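Novice: Below, each chain spelled out in residue letters.
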Amino acid sequence: MNKGKIFKLAKGFRGRAKNCIRIARERVEKALQYSYRDRRTKKRDMRSLWIQRINAGTRIHGVNYGNFMHGLMKENIQLNRKVLSELSMHEPHSFKSLVDISRSAFPGNKNVVPAPQKKGLQILV
Amino acid sequence: MSVLSLAASSSSSLLSFSSTCSSSPKPPFSSSAKPALKTPFVGFSVAPPQKLWFPSTTDLSFNNEGNTRRSFEIFSSKTEDFVRVPLDQRWMYEDYEVDGPDIWNNTWYPKAADHVNTDKPWFIVDATDKILGRMASTIAIYIRGKILATYTPSVDMGAFVIVVNAEKVAVSGKKRNQKLYRRHSGRPGGMTVETFDQLQQRIPERIIEHAVRGMLPKGRLGRALFNHLKVYKGPDHPLEAQMPVELPIRDKRIQIQK
Chain U
1 MNKGKIFKLA KGFRGRAKNC IRIARERVEK ALQYSYRDRR TKKRDMRSLW IQRINAGTRI
61 HGVNYGNFMH GLMKENIQLN RKVLSELSMH EPHSFKSLVD ISRSAFPGNK NVVPAPQKKG
121 LQILV
Chain L
1 MSVLSLAASS SSSLLSFSST CSSSPKPPFS SSAKPALKTP FVGFSVAPPQ KLWFPSTTDL
61 SFNNEGNTRR SFEIFSSKTE DFVRVPLDQR WMYEDYEVDG PDIWNNTWYP KAADHVNTDK
121 PWFIVDATDK ILGRMASTIA IYIRGKILAT YTPSVDMGAF VIVVNAEKVA VSGKKRNQKL
181 YRRHSGRPGG MTVETFDQLQ QRIPERIIEH AVRGMLPKGR LGRALFNHLK VYKGPDHPLE
241 AQMPVELPIR DKRIQIQK
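Line order of the protein sequences matches chains U and L.
Those letters in the first sequence? Residues 1 to 125, per the working numbering, in order.
Those letters in the second sequence? Residues 1 to 258, per the working numbering, in order.
Chain U extracted, bound-state conformation (with noise of 0.2 Å):
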């Protein structure tokens, strides 16, 4: 009946929660909310991941994310974050390569106006 399929959704839950229909039905309930959620969520999840580990390997190579991603549009790279991810860790000089065209497409922001300092006190004297 339903309370067999509820009690085989509720596997692995906590306390009674996979024991005792009344709250294993409320928990199941939940917990498909959360995975029709996470399903979606999921692909912004690993995209940011992606973005996260693409950032510390341009970073080794002194470049940032930004920059990076900046060069590669104007060359036309059309390079997904997923591949570039991968490539960053399991092939390190393939990777570099892609970041000195990146460099020499866009040397980064060479002219940016330094932030004001601070002066203090010693403006008066």
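I should point out that these hints are in silico values taken from the structure, not numbers from a laboratory.
Source: prediction; values computed, not measured.
Using N, Cα and C, we set each Cβ at its ideal position, and we do this for glycine too.
Do not rely on the hints blindly, as some may be mistaken.
[Claimed, not checked] These stretches of chain U come out as covered by chain L in the derived footprint (C-beta under 8 Å, 3 or more residues):
1. 2-15
2. 79-91
[Said to hold, decoys possible] Capping the alpha-carbon separation at 25 Å, the derived lysine-lysine pairs in DSS-like fashion look like this:
3. L:K168 - L:K233
4. U:K43 - L:K233
5. U:K42 - L:K111
6. L:K230 - L:K218
7. U:K43 - L:K146
8. L:K233 - U:K119
9. L:K218 - L:K146
Place chain L on chain U using the hints.
Specialist: Using the frame of chain U, we list chain L on its own:
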């Protein structure tokens, strides 16, 4: 690999069976005259008919010479050998996929061997005249592992960090006398407040530990990461055997401006 071993066992079993066919309980096949049962392999002594039609054992028997249409061969670059695959599984294989799991289309997740504590690097920071928060931020980044290309948020992949001269850490502005450290024992009226200066006289390591703990994730993993921070009061530390390396700090404003 499994197909190859199956092939070896099946061909040997066929060979052995054909040599002892006279002792089989089935109606005996004579090796010379035409056999009583109609089999496709005329003139050869064969196994009982039902064994013939398993695709994996048929092709690899000594009756079939070369490639037949029952299976096809893929060259595996890893083992430098030909691997036989039955035709009905042909759709599963491309040439390059015979040798192992796909690492390019799945996001890598570390195995246990990728984050053994004994292989992690050790770093050392001298806290003399360094701004507290800026130094703690760099330490937390290294402990969490965010500088590694193999960073994984759910796994402890970071390094160990040793801090020495903890009592000489500096803060800017009037924080030395005005920054408050609070703790509560849980009972009513149990709040204790002390200033940065007082805590530095009492237990200087706690200042840096408090700062770094606030910058690490909170939770089971965060508490485990916090144990990778070792803070010491004077210039010496008992961890010379780990051969710690100087922590590369890129923050330009970390040294206090006197």
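Novice: With reference to the structure, classify each hint as holding or not holding.
Specialist: Verification of the supplied hints:
no. : hint            : verdict
1   : 2-15            : violated (count 0)
2   : 79-91           : holds (count 7)
3   : L:K168 - L:K233 : 9 Å, holds
4   : U:K43 - L:K233  : 46 Å, violated
5   : U:K42 - L:K111  : 21 Å, holds
6   : L:K230 - L:K218 : 18 Å, holds
7   : U:K43 - L:K146  : 21 Å, holds
8   : L:K233 - U:K119 : 34 Å, violated
9   : L:K218 - L:K146 : 16 Å, holds
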